[in-house]
Amino acid sequence: MKKYTLLYIAFILSQLGFAQENVYPAKKQDKAIFISNGTVHVGNGTVLSNASVEINDGKIINVGTGINPSANAIIIDAKGKHVYPGLILSNSNLGLVEVNSVRATADAVEIGEINANIKSLVAYNTDSKVINTLKTNGVVLANVVPQGGVISGSSSVVQLDAWNWEDAAYAKDNGIHLNMPSLFNRPNPYAAFMGINAPAGDPVKRGLEELEKIKTFFKEAKVYLSQTSHDQVNLKFEAVKGLFEKKQKLYVHCDVVREILAAIDFKKEFDFDVVLVGASESFQVAELLKNNNIPVILNQMHALPTLADDGVDLPYALPGLLQKAGVLFAINDEDGQHRGKNLPFNAGTAAAYGLTKEQALSSITLNAAKILGIDDKAGSLEKGKDGNVVISEGDILDMRTSKIGLVMIQGRIVSLDDKHKQLYERYMYKYGLK
Amino acid sequence: MVILLGCFSISLFAQPTFPVNGVADQRETLYAFKNATIVQDAQHILNNATLLVRKDKIVSVGTNVSIPADAIVIDCSGKFIYPSFIDLYADYGIASPQAQGMGGRNAYLNVQLNSNAKGAFGWNQAIKADVNAGAIFVVDDNKAKALREAGFGSVLTHQKDGIARGTGTFVSLANVKENFAIIKEKASAHYSFSKGTSQQSYPASMMGSISLLRQTYYDAKWYKNNAAKEGVNLSLIAWNNNQSLPQVFEANDKWNALRADRIGDEFGVQYIIKTNGNEYQRIQEIVSTGASLIVPVNYPMAMDVEDPNDARFVSLTNMKHWELAPTNPAALEKAAVTFSFTTADLRSPNTFLANLRKAIDNGLSETKALEALTTSPAKMIGVNDMVGSLEQGKIANFIITNGNVFNEKSSIIENWIQGNKYSVKSEKWYEIAGAYTLSVSGEKGTKSYSLQVKSSSAANIIGNDTIATKFSFDGKLVKIGFPAEKKSSNNIKLSGMVNGGVWNGYGEDNEGNKFTWTANLNSLAAISTDTTKRKPASKLGAVTYPFTPYGWTESPKQETILFKNATVWTNEAEGKIENGDVLIKNGKIAAVGKGLQDATAKVVDATGKHITAGIIDEHSHIAAASINEGGQSVTSEVRIADNLNPDDINIYRQLSGGVTSSHILHGSANTIGGQTQLIKLRWGANDDKLKFEGSDPFIKFALGENVKRASMPMGNVRFPDTRMGVEQVLMDAFTRAKDYQKAMWAASVGAKPNPKSKTPMVGADPTLVVRRDLELDALVEILNNKRFITCHSYVQSEINAALKVGETLGFKFNTFTHILEGYKVADKMKAHGAAASTFSDWWNYKMEVLDAIPYNATIMSKVGLNVAINSDDAEMARRLNQEAAKSIKFGGMSEEDALKMVTLNPAKMLHVDSRVGSIKVGKDADLVMWSDHPLSIYAKSEKTIVDGIVYFDREKDVQLRKELTAERNRLIQKMLGEKRSGNPMAPATPSYSTLLNCGDHDHSHGFLTIEKD
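Note that the protein sequences, when read in sequence, are chains A and B.
To convert, note that position 183 of the first sequence is 1124 in my numbering; the numbers rise steadily by one, no gaps.
To convert, note that position 463 of the second sequence is 465 in my numbering; the numbers rise steadily by one, no gaps.
What the hints contain is simulated information worked out from the structure, not anything from laboratory work.
Among these hints, one or two may not hold up.
What the hints assert, rightly or not - Derived coverage of chain A by chain B (criterion: at least 3 residues anywhere in the stretch with Cβ under 8 Å from a Cβ of chain B; other residues may be distant): (1) 1032–1042; (2) 1239–1245; (3) 1328–1341.
What the hints assert, rightly or not - Calculated cross-link-like contacts (lysine-lysine; reagent style DSSO-like; alpha-carbon spacing at most 30 Å): (4) Lys1344/A with Lys578/B; (5) Lys1020/A with Lys1344/A; (6) Lys830/B with Lys1375/A; (7) Lys806/B with Lys788/B; (8) Lys864/B with Lys1070/A; (9) Lys1375/A with Lys578/B; (10) Lys981/B with Lys788/B; (11) Lys942/B with Lys1022/A; (12) Lys179/B with Lys147/B; (13) Lys1265/A with Lys942/B; (14) Lys559/B with Lys516/B; (15) Lys864/B with Lys1375/A; (16) Lys1318/A with Lys1022/A; (17) Lys1324/A with Lys1265/A; (18) Lys1344/A with Lys864/B; (19) Lys1298/A with Lys942/B; (20) Lys981/B with Lys1146/A; (21) Lys830/B with Lys1070/A; (22) Lys360/B with Lys541/B.
Each residue gets a CB set at the ideal place from its N, CA and C atoms; glycine is no exception.
With the rest of the complex left out, here is chain B:
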């Protein structure tokens, strides 16, 4: 069959340059499909219409089309004709890429610092802009068949490998020579956050992927004018050439979609974004990208939660997503997002239509569904002049169905692609169900039976008894077998061919006698009209913000609250006010004192309670998609802000411990780590709104064991391997930064060095001459006091060395974090002007913390440093007030000073003490009401307030837990309902969570937590 089709195709598409082995066989066949319901596109439906197709193109379509005499006419009475579907996210016909050269299973064992790609390519192996899918595309009829059967006629295919993936090619699914299957050779350019088969160490994180993309945009722009400096760089040449194409980004998550869109915004690119179907969880943010989407329909299966031991570990989030995933397309439609569908992420295309129908059951309109399969994808990549609708001149890609294609009972009968017919369910062409007279003529004469055909696989002989036959009909051939007598085991066997209402054939009876037979249609069975009822919409749970347990269905609002009669720890000159009042209004502290009144305020009786400023954690790793970019020793270009994760349950957990602001730091895998982000714990806000607006930018540095990879089991090949090398990494990076700054100034025609400007490069655009280097940009900011360092450090020698580097090259260390030997060099730190952020009492877990002492904070404070206690641990952050209290015990710090170590002192360190850190009129209403003395082990936050919004309320928390339990139970019952209905079930899979940390020390977390640095 394949061979036959191949011959057929070649004759349809003779190539002038190809010699023919045989006799020329040019054909110009014209097909007329008449009497059909033609769905030209989602808006135009023609009844009783005709479609004319010559070779691979549509000649005309309409209700008044005259059929030329040379047409082969196909009567499509009762049939529907639709444009074939389009999938923009395929790798059809593209071989799976292989990893190049050496690589390790474990990146730490064989760190590959440089690219292994052979040839004149760029420095990073994950940038595969040079890949041209059109050049490696090979028709693969097995794969094409599966897609054709799901109704698809053309796909945009590309090599799904790397961060830049080169160009995609738009191809038909016809089994024709590649020369013709390719409709548009370079139709798109592709990007992702995943480095794929690249084993190169960089990038090793979400932040790193983002930075690599940004840097490559800048490099490519610079390269246009500076090719001589760089030499031939095929990656950048291809990158530049690809920019004019539609740009497709595989994001595969709602937050990733925003991350991708922000890269696009920086470089004037609007990506088409491939999602993973969780957009409904943040639909407003998705709308704000303005992007068109490519959306999968891979809805999760219900899990078998029969055993409560299994159900225990399936998270609410996973169960809710199971329930709501099929509502995603409807949510997109409602929000007026342009999108198309893809079969990507499905195990097989054959589940595509069933899943699409699920989406329709959940509110997606059929019109939008069809658009998303035809005109939308065609327009998204600019091929709507060729495909997507049935119009004159377009490519003849269409499906013939026996009913509304979105109806469960309808079937795709044929899928015509580039004028080639591909049968899908040809047996559905004819309505054969009906009453027939079957006449068998043998030596014994003619015998008649009454044959009742029910479907293409069932028919009965009706006589005195009703005898079920073995019946099969494949669209052309029919086979019937039935016993001569009711209980006879010997069958009469008939085989024949169907031609409309007349069947003819040949057979053999139970005694071996041969005969011929005919069957004539008496009456067709009444055609059932569309009886499919849309399943009544079941009760669905609400989307919560964030989409996690304890998420809000309705976000809490800013309130005016008057706390009466509390012990108020002001952290100001007033000190501790007994029986004091605090008024908060419009997100700010409006009044502090005694006997306050405000008629509009909600009054909270805080008798016996304590009110403090919210806790500020100087060193945290929560709420981020990645923390460590250890791919290189200097990665000042990466930014935590690029990958904040508002769905982290630890935001809520830490609110319960009174934390209101957290400084999210890069890890400690390298000497110059990434740019940090100060956030407020606004539970339910999106990634952008989490940011502490207007705060000074910081960056993480690290020294010592971690950056020299001391605990790597197989040793280390990345420079530096000693503290001597660490010092030189700093010297080298800042020396380069200074030269870079000078070069930028020099390249700014008519510009003068202006150290006060945020970017010293003023005047003409110097980046046309000097390569803009995101890594050095950040260091230049440090040199100009526009960015501030928080430096992971332990032992006195390395602290001292870092101070000297800073003093030599003219920059300051704002903060030393961890700083467990800070007490040994507190005088030097003070002279430098550095602050200290430390743990209370961790020690002895590695060599560089052998001399850590719980008196560290007290000694440093006594010497005059600004000292904070930080967590670096999602669990301990909930008890920072108590960690600070240990300094009362160790060294005799005063209670008020101890509290300041987790409030005002970190605020000062982070340059936000004008906003937070104390209870002072005009500061942000970031407060905690404690049940007990705030430094006591018995203290619990009863209310944690950020910007005057109560984000954690211990009473409300009790209510939320009840709702959560009820919702879990509802979903478990619903899943079990699926099981009872006999639907396919997946085994219950525990919902693991990944907890990111700096890779510095052990943490105590549950057994569902996978730790990662």
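One chain only, chain A, in its complex shape:
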């Protein structure tokens, strides 16, 4: 039984790499690890003081106070530290887009309207420089989502310490993404500028017609899938099979109430598992969402209110409003500046404006896992789940105190080295600083 301090582990890991290319994915767990005497935030709202977590063979085998390590377990002393489930980024283009402004590095938006058969996983680049910077802040899983068109394709959940996308796959193709047609009276503000005529008629009506076309697709898919053999195979229909079998969820990206109502209508008509993404106006119909069992992924906490009339902190307060109404929701971080690593601070903001800290934590761990359909193996520090664990010196939701000392994915202690740290080292060296 060896006892290691966090510092020691961090030291070993930092010796591994000189460049981003040398940040290696960790090897499969070969020894039990016993994290002792920490403040354990289970992820389901429970906090255990002076508690321990033991992980073996990639799984959590024990959690609680007064438990003892197995023989030969490596003991990591977490006294005075906080132990969390690994954080989950629930909607992201991670690994699909490297540099936003460079077309050649962007693989998130495919051509076409109904792209049900498009799969994000096959383009997920495990060597993206961004990925390691997320682990640095405790993010261990991400839902990688294709964009564009009406049905963008399927998303997969990946774990962030992998050699290639097959290794990375954590839940394969388990979500289909639908961009709800606009049911909002919004004239294209750029129409005149672009020299295109705004389409005539009521945009809401137009949106509803568009919606009918999508429904037709699913109706036809249903009939197609009920047949055992086909003269002509339709890849698009095949791709949504899981929706009807409830092996896939339908993620509906939308914002305004009419679009949310249309999403509810979708659920009623096809009995899909529907998840709203974005849904900045969801607070208006929270009751309906709860009653219809429709969860929400809030894409970006750090946003401006929609209208000058809104409360100045409405986006910050939105999770609190959904919590109060009993809606299941996850907090996400989707922006163009690759700040997915700020996920915990998004949740922290929500905690400042209406959630408890543990509720805020759930919104980036267990709730996200439930919404993504991976709560059987991720999202909380509970026996039987994967060993996805993060240890922080202080409150992980606050940048003032968040100092991540250890991140474990499926029982593997992963390297926390990243390009940022390497450049930091390089220039500290240049200036002779410590």
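With chain A held as given, fit chain B onto it using these hints.
For chain B alone, kept in the frame of chain A given last:
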């Protein structure tokens, strides 16, 4: 009819030089309009008076006018005669201008850097000073008719295109030859902020338009003495010639009105300002311009907000403007502003009078309304010797009405223009309503009916039954149709002519028999006296400052406040004081310490709270009407200060995040951008009061991808296209600035170079010889340490190159902003003396930020640079304290140092650390009281104070939200009331907001926000 009128007109206005095809037909007809109520002008009303008109002029007017024998007499009993109205903002008779030459739908696709105007014109296509409306004016009787029917007799018309629009011509609305329709050929000169059909890249912003106007004033003055250097420049010649005319500026917004007026002040010009009707929102500022206004009456329609999904996105501001827009003229009257009305901005002139009446219902006096339609416009452009009132010698432009013209029930019967009669509603001339005996004489003898005429379109036959007839009367001809028997389908049809109380005509009965008929008046219907009641004034919402949600009805005042028992982060040698007190008084920090007392102070128990200096954002783009002037690579002449926008809700939102000062920067579209403006977030103040008074002037520079237009989809044609070119843009601009400074010195007779003077040009006015160049003026200021650079930059090579240019040419980079690779050249920056203002952790969104690291701020600090964390983002500015806190995590910066990065450090960078940035006695009371540790994610500002005034108070904010909800609801109900009353409604339109940014990276904003760089 048109042809007839044309003949008539030509005979009235025979032109000596024009040959006649036929026989001469000169007429000197005299008209006498007697027994009228003559409204000479708003102050002089004559009862039972006579107006004599010969040809196109008024001969005399009065109650004792003897009517000459040669007069054609028109009895105007019961009629009113007013001067015809005047509209100063028309484009009547002026063809719509076409874009010249190449142009793109998308300015970025085909950037047109130079003017496409062919000929000896100036460099900028938007300066169309040479356009002479008189030369392109063509009578357009269709358009004239619509204006005549609204009561107008003459208009000032010009070509509404460009920033300088040339001269306007004052014309009558008579259908006569242009030679006579033009009353004053060059009556005005016109300006605007909009470049119109010009596709030239510059100017591309409000600031650029302002700068172009200012530069053109200077150029025109210089050109007077230096024509040989410039060659023939028709634009500047015309510009100079136009200066003696009344100068009219289309501002179309309250803040634009102030912007225009300030240009006028600089050049000794008082513009007449065309507005858009929102002046009531800032009436004091409008008064301060001293300008006469041309005011439209295009009041918004109520929106159909029945569906709450639609109502949700209609902003309070738009609903309030709907309610208050008709109060605008009354507000102007109350403030004693001189103004005139225009039909401009209305979809059609035929709604003009109805809208004007709305203004009267909302408090405008009828006297002022009439003045604003007659004498005021006439005086504003100096044609009051010819039009505007009914006086001897003036042009015979008058309307005849059957009652008070502002009364809803009155009609304009005729509009006489230059002595020509134009019928408007001639059927209203005669009061035909009354009882008549109708006698039909056919083969079967004469049959009499009793005819009851109700109006020009309704009459009944009264017998055993009352039979409704088909009746029409057009002022002369009358038609009557009615069934012989009550239920008969065959009508008796009568057609005749009215001559006072006697009507004669011809008809056909139900069996096809022809007959003649007469009708004789027995008794006129009693004339209803003015029964129109002014609608009782409905309850109106208050004007708030600013005119947005969370605006003040009563501005908060400076207070004396004693904060007790807080954790005070002084940013001074005392460091952090636990259980400390802060006293603020007269807008300043009066005392800091423990156990403070002040009997006059309001005491705030700050136990458990934290007090810090207000947050200062070194890089912001809020509160401005435009941010980027990308029309050229060097635009140091443009100034953010020229276009501040105090109505930006982001001022209030950022106060809620503890921000008290923001440095509003030009964007990054070009290497040498525009002059910046430091503001204090004084929510509710006007544009001038937002400025951080006495602060040093700064300017924005930019390097790298943005200035070489790397992300333009169709490539770039504007120099520079590489970082090599960017360096040379800097070299060239400052080399030119140095030569310019030398030339100015040389041109100053008897003057010596004086580097200490703010303007080195002393002695005689050198600008008579050397063209004053606003662009180079700003660069000369930099060379003389009178203006300071904040330079957008990312990669080490470009930072290094910029430093070398500065060191070679003798100027300094005060600050590098963004500076994401600053950590790589921190030593060089330190040697240069530059400060750094950066983001905490943005990276990888474009090629030049691939090496950005969240440790940047820490490394630069450790090397010894003054480092700030900025926002460059309206959302993130609300969390700058937390962005700074990331440096604790990345690199281990101390908490106090981290806080300084958003308070004291930017204050130093901006040279205002003697005023703000720390909690020190004597500094401005710009403070934040936080609910929690100020670097924590859980910290919320409870009070944000600027100059000792609490501009944001979290408790008061709760109250404001309640009031806002109530006010929204009241207005929605009021709009629905309009719908129930059957008034025309507009569909509910979401209220979009435009958010300006530097064009550098993505931002996260709501779906009603349209982003623009």
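Hint check:
1. 1032–1042: Three-residue rule met by the stretch 1032–1042 of chain A, so holds; n is 4.
2. 1239–1245: Holds, because 4 residues of the stretch 1239–1245 of chain A bring their Cβ atoms closer than 8 Å to Cβ atoms of chain B.
3. 1328–1341: holds (count 4)
4. Lys1344/A with Lys578/B: This hinted pair holds, its Cα atoms lying about 24 Å apart.
5. Lys1020/A with Lys1344/A: Holds, at roughly 14 Å.
6. Lys830/B with Lys1375/A: Holds, at about 20 Å.
7. Lys806/B with Lys788/B: holds (20 Å)
8. Lys864/B with Lys1070/A: holds (26 Å)
9. Lys1375/A with Lys578/B: holds (26 Å)
10. Lys981/B with Lys788/B: Since the Cα atoms of Lys981/B and Lys788/B sit roughly 60 Å apart, the hinted pair is violated (cutoff 30 Å).
11. Lys942/B with Lys1022/A: Holds, because 26 Å separates the two Cα atoms, which is no more than 30 Å.
12. Lys179/B with Lys147/B: holds (15 Å)
13. Lys1265/A with Lys942/B: This hinted pair holds, its Cα atoms lying about 21 Å apart.
14. Lys559/B with Lys516/B: Violated. Lys559/B to Lys516/B sits at ~87 Å, over the 30 Å cutoff.
15. Lys864/B with Lys1375/A: holds (9 Å)
16. Lys1318/A with Lys1022/A: Holds. Lys1318/A to Lys1022/A sits at ~24 Å (cutoff 30 Å).
17. Lys1324/A with Lys1265/A: holds (29 Å)
18. Lys1344/A with Lys864/B: holds (20 Å)
19. Lys1298/A with Lys942/B: holds (16 Å)
20. Lys981/B with Lys1146/A: Holds, at roughly 23 Å.
21. Lys830/B with Lys1070/A: Status holds; Cα separation ~28 Å.
22. Lys360/B with Lys541/B: holds (15 Å)
Checked against the numbered hints given earlier, the structure breaks hints 10, 14 and satisfies all the rest.
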